[in-house]
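A.B. asks: Residue numbers (this note's numbering), protein chains in the order written: chain A, 1 to 328; chain D, 1 to 522.
Read the hints as simulated data drawn from the structure, not as lab findings.
This one's a predicted model, so the numbers in the text were calculated from it and none came from an experiment.
For each residue, glycine too, the CB sits at the ideal point set by N, CA and C.
Be careful, since some hints might not be right.
To be verified - A few chain A positions that, by computed beta-carbon distances, are all more than 10 angstroms from chain D:
| # | residue |
| --- | --- |
| 1 | R53 |
| 2 | D57 |
| 3 | P88 |
| 4 | F240 |
| 5 | G256 |
| 6 | G283 |
| 7 | E311 |
As the list claims (entries may be wrong) - Derived coverage of chain D by chain A (criterion: at least 3 residues anywhere in the stretch with Cβ under 8 angstroms from a Cβ of chain A; other residues may be distant):
| # | stretch |
| --- | --- |
| 8 | 82 to 96 |
| 9 | 281 to 289 |
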Amino acid sequence: MNRDLPLLARYAEGLFWMARYLERVENIARLVDVTQTFESPGREAESWFALVRINADEEGFARRGLPPTAEAVKRFYLLDRDNPTSVPASLESARTNARTLRPLISTEMWMQLNVFHRDMTAIAERDLRGDRLNRLCVRIKEGVQAHTGITEGTLFRDQGWLFYQLGRLIERADQTTRLLDIRYHLLVPSGSGEERRVAERTQWGGVLRGAAGYHAFRRVAPPAFMPADVVGFLLTNGQFPRSVALCVEQIEWLLGRLRARWGLRGTGAALERVEELRSAILGRPIEAIIADGLHQFLDGVQRDLILLASEIGTAFFRDWRPLAGQGK
Amino acid sequence: MHRGEWGLHLSRVWYAVAVETFLGPDEPPRMHERLPDLFAGYEPGPYFCELTSERAGDGGAAAAVCTRIAAIGLDALRARATAAENDLFNLGITFTVYSDATAIDRILPFDCIPRILTAAEWRVLEAGVKQRVTALNAFLYDIYHGRRIVKEGVIPAELVFGNPNYRPEMEEFPVRFGTYVHICGTDIVRDREGRFLVLEDNARTPSGVSYVVENRHLMSRTFPDLMAGMRLRPVDDYGLRLLSAMAEIAPEGVDDPQVALLSPGIYNSAYFEHVFLAREMGVPLVEGADLFVEDDKVWMSTTGGRRPVHTIYRRIGDDFLDPTVFRPDSLLGVPGLIGAWRRGNVALANAVGTGVADDKAVYAYMPRIIRFYLGEDAILANVETHICREPEGLAFTLDHLDELVVKPVGESGGYGITIGPRASRAQIKAARAALLADPANWISQPVVPLSVAPTLTEDGIRPRHLDLRPYAVTGRDTWVMPGGLSRVALKQGSLVVNSSQGGGSKDTWVLADDEPIGGGAP
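This is chain D alone, in the form it adopts within the complex:
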């Protein structure tokens, strides 16, 4: 079963590299106002800082947050942070980590200093995420229908059809509005200049959105004085947006569709999130055994007998959905589900077979995929990626092996990665040999100097690296939840933000406009 689903993305171990060596002495411009004393030891160094780097149009929000934090003082800040984390435990806002025979409920550590995005920054992110999701859906439609993108040589056939996540069952199968990726999480980082870069697309079952909403609730309970007068874009209509999308994609002709969330159950590490989403949508959280297929329709077992189900937001992987089609040993799924789906009697979100689109190798082609379908340049750039199956990519990689991160395309979990700046001579040599033996299996990327944000640590307020995962919901149209999950690496110098690696999270504020913030602050 999905052990540590929430702790995915081990592939990003490669970020744990000291990047200072690549950076010059220049620092990005900082806020003009003098920072309060509490921030005296705060040195973001060469990185872009999400709070103190100078940004137009924040209406004074960042400076106000710094001042207010200083007014609260370090001791009170710590006491409140502890209380906030206790709240999370008591509320059971936890993910379960299984090791050996024990199951431990852990919270996602909450850092109380918010991350702020200006209205202008958000406009870029929102447009960029929408564009990306649109392209991902167009790509999926194409590869399961006309295969134009392959025929025209934009992307190599074997990357698509040889991909283990490619599902022949999906060929020529219509999905409503051409939407395959109904829920998408886009992992975004920021470089030294503050430029947003996409690190990864999560087009299968991205998790974490519950923490965005819960962090905001926690923030307003514990730090009302920090938020006073701030005009923030709300996040708590996520459930309603999601429900609307789920209703939109229900089979045609169903007036009042029954939506359900399909979860592997209470032992899944992301169970809290499943509960959260079911509650926010006001729909039943079902397990595979609650559902059955009869007459090619999906039903749930209720006290009053069977009831039809029309849309399933499933939080289990393709492989486990239907033991009669995919893994026969799956006890989590529903026998016959895919048959009912192909008959058009039930909708699934996300669609089956979206894993091709968030593949690492396909990622490298995303800028071209966007151009191909939309005729536009990507609004959000990729991390510069060298495709070694292409001669110039290979040549560049071989010339800069000691500066680059070299990754095999088919692997996940951080296997087979060579981190140039950290590698020994022998490792570099081995990487070179592997590259030359099978160039198509490799891509390379520079190490990204992730931005930082002030974070409460044992040593006081210190810079810590972070990323951002906005969530996009697509039925007929795409809606992007303002902000997203900011994950922060709590260890000094670490660039690994994953919860499984000691990462935490921050409340992410999207300012509604660029007017000066309101009064009412202490």
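Isolated chain A (complex conformation):
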């Protein structure tokens, strides 16, 4: 029974992308939810357009000739199948990957994803209105979380599991940087002195809540926290599951397992990237990062993550093209 199970390159790639797309779906829901809490009366449009900016979707948004209104942004991310960064498009891609993986993944994984996908194709305009939006975001998050739980409990732990986790963690790290970036694009609250500090703190609290990290943060942060504490928490905390540093640490472990347990050569280049990411995140005090410009820094981390994914792809997926954008 100790047979060294080979894994088709196509399956490895499918697992990587299925996990990525589902993580993305969850995070879109988180971002939408946070944005709604940031919505300041009279300036809804600007608040919502921040979402487009952090996803670097300005071009796609403009190409559709959409007005920069709250409604248009919500539709763009929750209903628009032609927008590759939307919930329906990402879910479609996840399911298409899952379909190619049906010989490999558990029946329970496939069934949940199939049903989740079908439920989500029924989302309509009315689900974006009023209090329904928050409920929709909860449903989306829970759909992905159910997937995650079923996967944890049922997916065979061979090298496929490692590729699945790699996809998920790379996407999660990327999404955390985008969530952090939302603050950059938001208007600084007006007012001055204590009033403004409270308002600012509320915004940062919102960012933390979006990452489901508010309470964890409270446990480790000083009572009168500064923005740098929040940034530091989401970037460098070693215990919080959505912090970039923890994702990077796990990615490094996964790459190591691929080599040590499954004898896969070619992890070298990817490990180099991980090194770079780690020293970028942990090599300098947070204050210095913020002083040099957080937005530029986060951009750099996103670029490094893209390079990391491409090193993994080159080493193990060979000439396979990702299923990205084919899910229509």
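Position chain D relative to chain A; hints supplied.
C.D. replies: Using the frame of chain A, we list chain D on its own:
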């Protein structure tokens, strides 16, 4: 690409004929016990009924099923049937129907009233299917080697060598154990007397076996009370049997052969079945692009580099297997695959060139083919077939044109068929002219009064026509999966059981013995 592979066999459109006109008033004997009230409106008419016609040796299983169904009641029956079908959707046990630009996932409708075969009936079917598969393999070996059957005039040369599915590449090419048809699906119907008749052989890539296993799972989840105490032959070792056969046929000298299932991919309508089979065997489902040929060997691309593949259960047609040998535009296949195969470095199931054997014209000769190779009469009769290239066949056909179905031998998809009882005078006249112009192009058959089984419909429990496709797996020896796929025509009076024509399926029970069924029933 194979659009609607699962919805094949359009050729059987000819069954959609009202057959009552040919039948006398006699009814086959029915079960002695009074049927429960739920079956009050159930009138199988002149047809053999798979549940209520009197059969020895069912141990009371059929009567128990009727009683138990009545105890469940119509409303609960419908609710459970709906739940069962929902299950199929959620599990993605579907086939994809492509029309225009849309792709729709459809389930094969499941009818919850099982079809029962007694142990004695199954013995006949099993022996008959084995005999047929043995003869098909012997025939294929012969036509690609000594051609004895042609030389001795048993079958006309042009039917074999002029057949578009004849593959010269196969001549003098050895396959292990002389097995060409590793997986065979034999379509069988039952006439008024309950006699089994073979309608068609499927010796290329027969589909549907996944539904047999899934229907059983569905049945035991949704209707445990129907099954209580029944001793049924199991169906879920199909994957293991298949894997064993695939391992047996691997190139000699390979200790631990790597088997793979080659599928056209997720857009193929039978993709679910490919997934099912790969999973049941525990082997990778590969697409053409996962494989490549180097040094005349077949390899698959894995994360750790190339790995050898020794046996390929391919679910793509001959034409698409290797663009360097067959269709050059095929993107589904593997360049060089046939070369690797001819070198003996990989085994293919089914072998290339089996399409000659399941051809309609060759079908007509099957009773003679069986006699020729095995020296036996066919255990399962053909549907009576008149070969018009033979004078007596032609004469009979011309005399009974208004009663017969006349079919061209080379066509499929139901083209060129004249259904006598339904044809206009002009059509009969045209058929006569065509027959006389080229008799060799035609065969004729009577309309078969297919058996029926109680089926849950909007009007309650009603008789619907059905057929049976047992699956035979052959490596060194032949194993026949107990039962097979029962396809049922859900429309009243229809004799077309195809999924593409509104057909559904039933769980098919083969009783393990003829002892009385056990207790535990409600």
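A.B. asks: Compare the structure with each hint and give your call.
C.D. replies: A quick look at each hint next to the structure:
no., hint, verdict
1, R53, "holds, 35 angstroms"
2, D57, "holds, 27 angstroms"
3, P88, "holds, 16 angstroms"
4, F240, "holds, 31 angstroms"
5, G256, "holds, 15 angstroms"
6, G283, "holds, 32 angstroms"
7, E311, "holds, 14 angstroms"
8, 82 to 96, "holds (count 3)"
9, 281 to 289, "holds (count 5)"
Against the hints set out earlier in the document, no violation occurs for any number.
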